[in-house]
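Trainee: Based on the sequences and whatever the hints tell you, model everything.
Chains as they are written, first to last, in my numbering: chain A, 1 to 160; chain B, 1 to 391.
Because the hints were derived from the structure by calculation, they are not lab data.
On a predicted model such as this, the values are computed, not experimentally measured, just so you know.
Every residue, glycine too, gets a C-beta built ideally from N, C-alpha and C.
There's no promise every hint is true.
[Stated by the list, open to error] So the derived label-pair ranges between C-beta atoms look like this:
| hint | chain 1 | residue 1 | chain 2 | residue 2 | range |
| --- | --- | --- | --- | --- | --- |
| 1 | A | R21 | B | R200 | 43 to 53 angstroms |
| 2 | B | Y201 | A | E4 | 29 to 39 angstroms |
| 3 | A | E53 | B | T59 | 36 to 46 angstroms |
| 4 | A | A20 | B | P253 | 34 to 44 angstroms |
| 5 | B | L219 | A | P97 | 50 to 60 angstroms |
| 6 | A | I39 | B | F56 | 49 to 59 angstroms |
| 7 | A | R21 | B | P287 | 56 to 66 angstroms |
| 8 | B | P253 | A | L62 | 19 to 29 angstroms |
| 9 | A | A151 | B | F56 | 55 to 65 angstroms |
| 10 | B | R200 | A | T155 | 57 to 67 angstroms |
| 11 | B | V25 | A | G95 | 52 to 62 angstroms |
| 12 | A | L65 | B | A346 | 56 to 66 angstroms |
| 13 | B | G302 | A | V50 | 28 to 38 angstroms |
| 14 | A | L65 | B | Y201 | 37 to 47 angstroms |
These are the residues of each chain, in order.
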Amino acid sequence: MDTERTSLPGIGFQHVFTTARNRRIGVVSHRSGRRDLVIYDKEDPDSALVSVELSVDEANGLAELIGTPRVTERLAELRRQVDGLATAQLAITDGSPFDGNTLGDTQARSRTGASIVAVVRGHEVVASPRPDFTFHGGDIVVVVGTEEGVAAVATILTSG
Amino acid sequence: MHGSILLVELGAVILGLGLLGALSVRFSISPIPLYLLAGLAFGQGGVLPLATSEVFISTGAEIGVILLLFTLGLEYTAGELVSTLRTSAPAGLVDLVLNAAPGVAVALILDWGLVAAVAMGGITYVTSSGITAKVMGDLGWLGNRETPVVLSLLVFEDLAMALYLPILTALLAGVGLLGGAATLGIAAVTITVILIIALRYGRQVEKLVASPSDEVLLLKVLGLVLLVAGIAQQLQVSAAVGAFLVGIALSGPLAHTARQILTPLRDLFAAVFFVFFGLNTNPADLPPVAGIAALLAVAGIGTKLATGWWAGRRAGIATTGRLRAGAALLPRGEFNIVIAGLAVAAGVNPRLGPLAAAYVLILAVTGPLLARAAEPLARRLRRPPAPAPSP
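Mentor: Structure below.
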């Protein structure tokens, strides 16, 4: 899925993508936290057919219903609440040394102190993955720890 | 005794504005034309001339302009301004040339002189970013593909204002070509310095101003804005531009909080500013310039539609979007009055004030209405009229 990001000066930014069945859907993210869910016209991809205004809570609720992003939102919230706690989403690239290897192989926790708390694969979230969980290229690994610990996990995942 | 009359007058004016504001919310139109009309009614030759509160209102009006520009600057980050300049300079220049032309032409044809021509160019050029943003939000246009095009045109206009206002201030002060060049130089240097500070040292500035207490933050920010605006005025760079630049220098969460705290103050003083402008315009002067104002408004609608069409086509947008882009740009409002206010204060042609007031009254009202008509019109354009309806 290709998401196109456009900056909207004075408002925030906008993400737009086209579904497999050729419908365009967008989200306008206001700086205030408000979100507009936009469905575009079939005939005219420039024009919004409907635009639904969502408050912060409503947007989070919708995200939860739809799926994965909620986990990362919660982590971002957690990070805001706890000073000194860092979270990151790290991608396993196709050439990564752990593409095809298990979580246990990384020894991330013993080497860095940071924990891999979830893995996002496509539309699925594997929360608290076990040591025998096998990574694939394209997985997004969610890491929680100190700033240094998270950075160290990023290094391990890219260069072993 | 004097004090009590002052309070009664102020209270009555502000309450009246509140009632007008309620009306504008009820009908979902911009309150600006209503405030202007209120000013006309309270001013010289109006139905209810004010006696004692003029001094307060004129100072309040100055603060209103400063806060208008400051909150506008808060909307943008320095990074956005720089990237907009890079990507939309051609469309921005087309916008400037097409839309300033009618004003300049009218001033020259009426033989008002060069300074008035520069002021009139500004008055016909600038779109009201406040009204436009509201129209696009109300009509659910924010997600449309032409919206980034429209917004970057607005950013470009605001940047152009940052250069234009100092030039106009200098011209109005009657400095010669050399003095004007010097002022422009000072303005350019000031703007560059502030942009660099904002881009490089934004964090330090925020640390200086930030405070967990809203009260402290309000006083610090308001003080800083007025101080910089005053210094800018001293340097003949125009107080409004100084305030705009302070707004740009503040960004991130601090800008968000500052906007929340200062918006009520801005609303109050901006309303006072529009009333003040109306106060200084004699309603009897309006009818003689109404014809010219109507012509200018028609020209202004045409040039903005052309701008939107051109900028939309350049961004690869189809007919409907191009029309919407033009229609969104139609409303004129706060800036046009700010410019006219400067010109009137400096005593340029006495017909300029009424003309600007009439022009803004027309376009602040018809702009949003025409925007609503853009989509039906585009549908008709896209689908050639169907053959006579079958029975």
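Trainee: What hints, given by number in increasing order, does this structure fail?
Mentor: As far as the earlier hints go, only 10 is violated by this structure.
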